[in-house]
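**Student:** Taking the hints into account, I'd like the entire structure generated from these sequences.
From first to last, the protein sequence lines are chains A, B, C and D. In terms of this note's numbering, the first sequence has 265 at position 210, counting the first letter as 1, and numbering is strictly consecutive. In terms of this note's numbering, the second sequence has 160 at position 105, counting the first letter as 1, and numbering is strictly consecutive. In terms of this note's numbering, the third sequence has 279 at position 224, counting the first letter as 1, and numbering is strictly consecutive. In terms of this note's numbering, the fourth sequence has 165 at position 110, counting the first letter as 1, and numbering is strictly consecutive.
Hint data in this document are derived by calculation from the structure and do not stem from the laboratory. Heads up, some of the hints might be wrong.
Copies of the same chain are indistinguishable here, so a pair counts whether it falls within one copy or spans any two.
[Unchecked claim] Okay, derived cross-link-like pairs now, DSSO-like style, lysine-lysine, Cα gap no bigger than 27 Å in a straight line: (1) K142 x K110; (2) K91 x K329; (3) K57 x K329; (4) K199 x K139; (5) K110 x K172; (6) K64 x K76; (7) K90 x K329; (8) K219 x K199; (9) K226 x K57; (10) K172 x K219; (11) K57 x K219; (12) K86 x K57; (13) K110 x K219.
Given next are the chains, with one letter for each unit.
There are 4 protein chains.
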Amino acid sequence: YKVLSLYGKNLVLAWPDQNVKSISDDSIEIKVEVKKPYILASNDWKKQPTIVNVKDVEIGGNKVVIAAGPCAVESEEQVLTTAKAVKRAGASLLRGGAYKPRTSPYSFQGLGDEGVKILRRVGDEVGLPIVTEIMDTRDSPIFKQYVDMIQIGARNAQNFSLLKEVGQLGKPVLLKRGMGNTVEEWLQAAEYILLEGNGNVVLCERGIRTFERSTRFTLDIGGMVAAKLMTHLPICADPSHPAGRRELVHSLALAAVAAGADMLLIEVHPTPEKALSDAEQQLTLESFEVLVNRIRDLTRALGRDV
Amino acid sequence: YKVLSLYGKNLVLAWPDQNVKSISDDSIEIKVEVKKPYILASNDWKKQPTIVNVKDVEIGGNKVVIAAGPCAVESEEQVLTTAKAVKRAGASLLRGGAYKPRTSPYSFQGLGDEGVKILRRVGDEVGLPIVTEIMDTRDSPIFKQYVDMIQIGARNAQNFSLLKEVGQLGKPVLLKRGMGNTVEEWLQAAEYILLEGNGNVVLCERGIRTFERSTRFTLDIGGMVAAKLMTHLPICADPSHPAGRRELVHSLALAAVAAGADMLLIEVHPTPEKALSDAEQQLTLESFEVLVNRIRDLTRALGRDV
Amino acid sequence: YKVLSLYGKNLVLAWPDQNVKSISDDSIEIKVEVKKPYILASNDWKKQPTIVNVKDVEIGGNKVVIAAGPCAVESEEQVLTTAKAVKRAGASLLRGGAYKPRTSPYSFQGLGDEGVKILRRVGDEVGLPIVTEIMDTRDSPIFKQYVDMIQIGARNAQNFSLLKEVGQLGKPVLLKRGMGNTVEEWLQAAEYILLEGNGNVVLCERGIRTFERSTRFTLDIGGMVAAKLMTHLPICADPSHPAGRRELVHSLALAAVAAGADMLLIEVHPTPEKALSDAEQQLTLESFEVLVNRIRDLTRALGRDV
Amino acid sequence: YKVLSLYGKNLVLAWPDQNVKSISDDSIEIKVEVKKPYILASNDWKKQPTIVNVKDVEIGGNKVVIAAGPCAVESEEQVLTTAKAVKRAGASLLRGGAYKPRTSPYSFQGLGDEGVKILRRVGDEVGLPIVTEIMDTRDSPIFKQYVDMIQIGARNAQNFSLLKEVGQLGKPVLLKRGMGNTVEEWLQAAEYILLEGNGNVVLCERGIRTFERSTRFTLDIGGMVAAKLMTHLPICADPSHPAGRRELVHSLALAAVAAGADMLLIEVHPTPEKALSDAEQQLTLESFEVLVNRIRDLTRALGRDV
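**Tutor:** Next up, the structure:
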């Protein structure tokens, strides 16, 4: 069994083969029996929705939070231009890749530490908390120092060492679903983080692998809705990666919000056609502004806000 | 090559190995070269969106059309109760299965001809055009006589004999995408119908087969949006079958409308728990009314209407 | 409930909601309760493997049966050349498509009745029983008169009207698995045929739809093996369609035989590069002969024969 | 561009946007232009098959190499019993998991360092080189010291930091395909390792995610064959994980060998029903011996050996 503190409570978790009643400790407020492959991430245990705070941004409340920014950090100027524009349009978080998991080793691999520092400076200047992806357990010191919300990418969605590491860091985590993972596996990945005592997890649906070829991945809106019924954690949707091309991003973003997403993660670039990665799917600054206005109209009809 | 009349125009279609210029005929208004696996269903040829009329109901215009009714026609009373309620709530079409394609031969196989006639009587009484599924080319006379819109189900999505037959009948067709078919194959299935001179086709996304198990099928919102960019035909979404359970239907329906669906096909039953098929996913009459109100709010935010 | 004669026995089948004990009839030899979505196709009921006889060819016994021939019947000469060569190499059945289910209406649609008659004449001349695909219930008279084994293609794998029709014809059926169907759905499709009293069904795995793109479909060897553990019916593999290109056909055919396939269905053409369909995946006559010799060596190692 | 030594040659690799001709260096024997997402792993560049040596075991030659052992190292006795039995039956490598990537954090997580050391001691005692999985870049020292062949598991198949790390270690790598990865992505993962100058990579197919549920994963024999046509690297198949249950393992193993696999990775346990992980799919010692004998017969028919 394990004793941990989560959401301000002291818990004891009894493993499937243990009897929770035999564990006694005065400081324990909740006793939880692990009766399925995950429990901390489920709403069997915690009924009320969790709100994850990234600095002053609340994810999981009434507002739909938009994180926007370039696929990859390419230069301070590029990030600054983008950050100012997305903030003005209505984004609450700045995203950008510094360590980039690229399918081919010959693709642009990102600026690494330098990219993280650029994001930090721009985030501070513009006034947006930053979210960026970690790829290696050995990089945790720099993420601890500089980053507000740590992203686990789809390709590391079952990198359990990395999940434990970000669990221990305690910072808010944006956990993408693996392109070959079921909803249940996604929740179990979150469980790895929660089990380290870090409850600040936002789940992010970004498309799964299917036979369909007119889109890059298949955004699984149904899986996202099913997950919402199973967990207390907030849910984000990334419409950019499944779209694979700009023309589809608006519709997928609107669909995700209508289905109940608490957050959107959108790729925006000042000059997408010159981007060093994902050139086809990044929105222009203008198109992003139009999208935020459409989302704002939609959320009002749904009784929410941006 | 083939000469046909479609959308009020006389066309000549030149096969890939033919030169359209060599075909001369004074009555021909448009010459179309088949340069990809489908052309009549694409918006390369016909730019303006097609509106399909089912009696006085326009599909593909500004209004989002809702077709609702039971999975299977079980009795006249069941259909009448449902029809009155869904009409009052805002549905424009009455759906119901008479010939039922059931995976197991031991499942309820539908009332057949008698089911079609019940639908017809109820549709006339309540004032809703009816849509129901055809499974066999030999049944075309009864569909010609009684049915307003003929549905091709997912399991017959590449039953090319049946596609040609409904093409020749000339009535409006609701063409479901096969659970194992790409968007491109779906459009080619529509092409079979159009090539018989029947342009009254509405495409219906109803979920594809993927590895995900928390939903019955994966509603491919991205594929639906991709299709909209490729075709002039209206697009419908069926949120009931991919959901597989009631709790997911509202969110999937809202997502589909937000993504641009022109029509929804929703299963509704007065007492879903007693239904002879799809008991898990049919909405109650009350839940359907709530859903229509939510859709109405959403469409207004999008500049459309129900 | 239903009373039927199958494999020389009089059966009574009790539906899930019926008590088989209450049904009494002196002529009934076996009482079967339908406790899962299929029973007649399962080996819960019939333990010993079924042998399907197509004229003098036994499918499901110790010999691995090879059916070979062109994707499509194009001319009598083409079929005759192929038939002579495949028979000499070791094939026991002649395959060829007359009615062709083509994804695009602009692809070669087959010779229809005339194609069936060509196959019949060539089969008789060369001394090979013939197998060809039916697409429409209305074509059953010509299949009854001319064809030895009727194929249900992947696109009609859940065309239940057609399954019932070939069930009533009583002739041997080669039932392909649909590209989007589970093994359990495939067995239920067979159940539709058996329930009409026709037990002469061979199941054919031909590849399923997955995200992988280096092959046309994913030959599901595991699903084929799982099916063998669930049914008494013989199992065939079609290596040509999942391969999608000639270079892969030999290896897939050998894999299927090693995994326990009772039959192979292979596309062979005298001049594949000039074929009117599936030009990429048909074997040359020479390559087919090499393959049969490789299969012969393999079957001996497995204690079987060709 | 990058200069590296691989397979005993000095290479220069020119990135897609570079002209290889402008790079001059007397020590360079081969100039390679990166014209697709991978080149070092492809047989465009290196025609002859690569043989990977793990101590005295040759993978990729005429013999089919069998690696066998328990899913997880549980105790020295368990591993020793298994190792002796699998060696006697014909295995050439000992496998066993010490660091275990488990979907649920509540499943047995492996013995870690201690497990690696047990494997080492048993391997030395019995005389079998050992293969075990790495999960974290921080563990590379222990793998460098103790392990003969390092496995990258399916869940880390696109953990690019880990791929680079094992590339730098220089030891033989068994690289599993991710359950959601295409063949092309798998080859690009290998490229990450080769690009660090480590050419000792064996590719391992272990099943992909599809809609089929009668097996745990779908063993993609076609993808394996397609890969063999694209690469010079040896290919391994893991029949245990896609099977998910013992009864299917023999047939899948035989199919993989018939299709051309150079190596098999098989889970074997002295008492599978008591195993701490994958209890359903591990073979007993007796069943493994039967399987090796069947494989031996098969390989002889194919002109190979075990």
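**Student:** Honestly, which of those hints from before does the structure not fit?
**Tutor:** none
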